[in-house]
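J.: Sequence:
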Amino acid sequence: MSDNNQLLDRDRLADARSTLQKRRSRLSSRHHMSIPWHDLVETPSDEESFVPASAATLKEKTTLVGRVGLMFLAVGTGAWRIRESMNTVARSLGVTCSADVGLLSLDYTCFDGSESYSECLALHTSGVNTDKLWSLEVFVREFPEKADKLTVEQIHQILDEINKKPGNYKPWNVGLASAIACCAFTFLLGGGLPEMILAFIGAGLGNWLRRRMLDKHIALIGCIIASVALACCAYVGCYQLGHLIWPTFFAEANKAGYICAMLFIIPGFPLITGGIDLAKLDMRSGLERLAYALFMITVATLTGWVTALALQFHPADFVQLQLGPVAYCLLRLVASFFGVYGFSLMFNSPRKMAALAGLIGMFSNTLRLELGELAHLPVGICAFIGAFLAGLLAFLAKRKVGYPRISLTVPSIVIMVPGLYMYRGIYYLGLNNISDGGMWLTKAVLMVMALPLGLVIVQVLTDKEFRTCS
884 MSDNNQLLDR DRLADARSTL QKRRSRLSSR HHMSIPWHDL VETPSDEESF
934 VPASAATLKE KTTLVGRVGL MFLAVGTGAW RIRESMNTVA RSLGVTCSAD
984 VGLLSLDYTC FDGSESYSEC LALHTSGVNT DKLWSLEVFV REFPEKADKL
1034 TVEQIHQILD EINKKPGNYK PWNVGLASAI ACCAFTFLLG GGLPEMILAF
1084 IGAGLGNWLR RRMLDKHIAL IGCIIASVAL ACCAYVGCYQ LGHLIWPTFF
1134 AEANKAGYIC AMLFIIPGFP LITGGIDLAK LDMRSGLERL AYALFMITVA
1184 TLTGWVTALA LQFHPADFVQ LQLGPVAYCL LRLVASFFGV YGFSLMFNSP
1234 RKMAALAGLI GMFSNTLRLE LGELAHLPVG ICAFIGAFLA GLLAFLAKRK
1284 VGYPRISLTV PSIVIMVPGL YMYRGIYYLG LNNISDGGMW LTKAVLMVMA
1334 LPLGLVIVQV LTDKEFRTCS
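Just add 883 to the spot in the sequence shown (first one is 1) and you have the working numbering.
If you are wondering where the hints come from, they were derived from the structure by calculation, not from laboratory data. Think of the CB as a built atom: it goes at the ideal place given N, C-alpha and C, for glycine as much as any other residue. A hint or two may mislead.
Ranges of calculated distance between the beta carbons of each label pair, as one might list FRET restraints [to be verified]:
hint: 1; residue 1: Asp1200; residue 2: Asn1315; range: 16 to 22 Å
hint: 2; residue 1: Ala1210; residue 2: Lys1283; range: 29 to 35 Å
hint: 3; residue 1: Glu1135; residue 2: Ser988; range: 48 to 54 Å
hint: 4; residue 1: Gly1285; residue 2: Gln1123; range: 45 to 51 Å
hint: 5; residue 1: Ser1318; residue 2: Arg1234; range: 43 to 49 Å
In silico lysine to any residue, SDA-like type, Cα no more than 20 Å apart, as pairs [to be verified]:
hint: 6; residue 1: Lys1283; residue 2: Trp1017
hint: 7; residue 1: Lys1283; residue 2: Thr1345
hint: 8; residue 1: Lys1053; residue 2: Cys1116
hint: 9; residue 1: Lys1326; residue 2: Pro1261
Build out the structure end to end from the sequences listed, making use of the hints.
T.: If you want it as structure tokens, here you go:
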């Protein structure tokens, strides 16, 4: 009898080891391990024992709610929108959800009245994808109907399809988009045709390299330093070559556009969504997003400054363009459209969405610039008015075509983010010129504060759920 028990124990141990080995072979080898969502499904999904998601176990419902929230977090939207989407899914499944949202992590608990289940999920990096954001918003809007008709496994398969959607553009497309955006940005900042051409080349090469490095999962700081350095070197190299070939066209004053070649790196989404999160008292998400944006801006501006010092390149102020007020206004409209259109494509927006964002930015950014030049209003007030108009136009566009509001507002006001002011502030501080550096950074801070504030005021006026605290 004892020998039989020993044989039984050995067989069980062998089976346990075999099962463990199979499980280990399926585990993710990444530093941030991939989650096997389908392995967490407990309810059978065959036709004879069909169980809808609304009747699944609390563990399955909680995992489904968390996956939806994590996918929203991955595409760059703010904490309020993430929690709202998780709540919609949770209500459809008959559970209560309480979530704490960060930049890369999501802590939440679901309750069904008698018990609770908690999970902590995390991303490996932050990014923006407005096309996936649109697909996710459509999914959440239709989820109440699907909860009673589909199983948990079938819903995970739908989320798989959204998650696996490829990017709309290849690296060279993204490089071209940033080239167009920064070229337009150069004109809006006061640059002429030579500076626009040089910024076009520098920004295109820089963002092309950045996209290639991101596709290979290179660390964020490496992507920033390498892409900004390449953009700056390309600008300087093309300027030196052009100055040798055509010195009257590429003159000494054209060094001023140097900073415009690296403006593709400005983190518009975390800056804006971080401000909106703070307005809704999502302090963790707001502060983490602003810290992330500040880190990117600091690394980028320091890289641009060090590169300029290494190349002995000393950019100055732009030379005043000899254009009449009407011609300047019309050209600003055109440049604002293409600038926003290019930035929107960089966020993976479909072309129609990018064009609509371009139209919104065309009017809102031109209004901002004209108010500053003709009415002599402070830069912070101009930025607030421009962001307010962009938010209002995006609200009307969402009601008409259904695009996510943030997919229209953020690209349309990214062009208002004062990247030039930030660079000049860091540049002067590096030269121990505290007064000038402090002045430029103060202007930058006022504008960065005003932009999300303009969007928040519009959302408070137009969105009943956003303006209430419940």
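J.: Look at each hint and say if it fits the structure.
T.: Status of the hints after comparison with the structure:
1. The hinted range of 16 to 22 Å is satisfied by aspartate 1200 and asparagine 1315, whose Cβ atoms lie roughly 20 Å apart.
2. Taken as a hint, the range 29 to 35 Å holds for the pair alanine 1210 and lysine 1283, whose Cβ atoms sit roughly 32 Å apart.
3. In this structure the hint that glutamate 1135 and serine 988 lie 48 to 54 Å apart at CB holds, the actual value being about 50 Å.
4. Taking the beta carbon of each, glycine 1285 and glutamine 1123 are about 49 Å apart, inside 45 to 51 Å as hinted.
5. Restraint check, serine 1318 to arginine 1234: a C-beta distance of roughly 46 Å satisfies the suggested window 43 to 49 Å.
6. At roughly 15 Å between alpha-carbon atoms, lysine 1283 and tryptophan 1017 fall within 20 Å of each other, so this suggested pair holds.
7. For a cut-off of 20 Å, the pair hint linking lysine 1283 to threonine 1345 stands: about 15 Å separates their Cα positions.
8. Between lysine 1053 and cysteine 1116 the alpha-carbon distance is near 23 Å, which puts this suggested pair outside the 20 Å criterion.
9. Note on lysine 1326 and proline 1261: the hinted pairing holds, with a Cα-Cα distance of about 9 Å set against a maximum of 20 Å.
In the structure shown, a violation is registered for the earlier hint numbered 8 alone.
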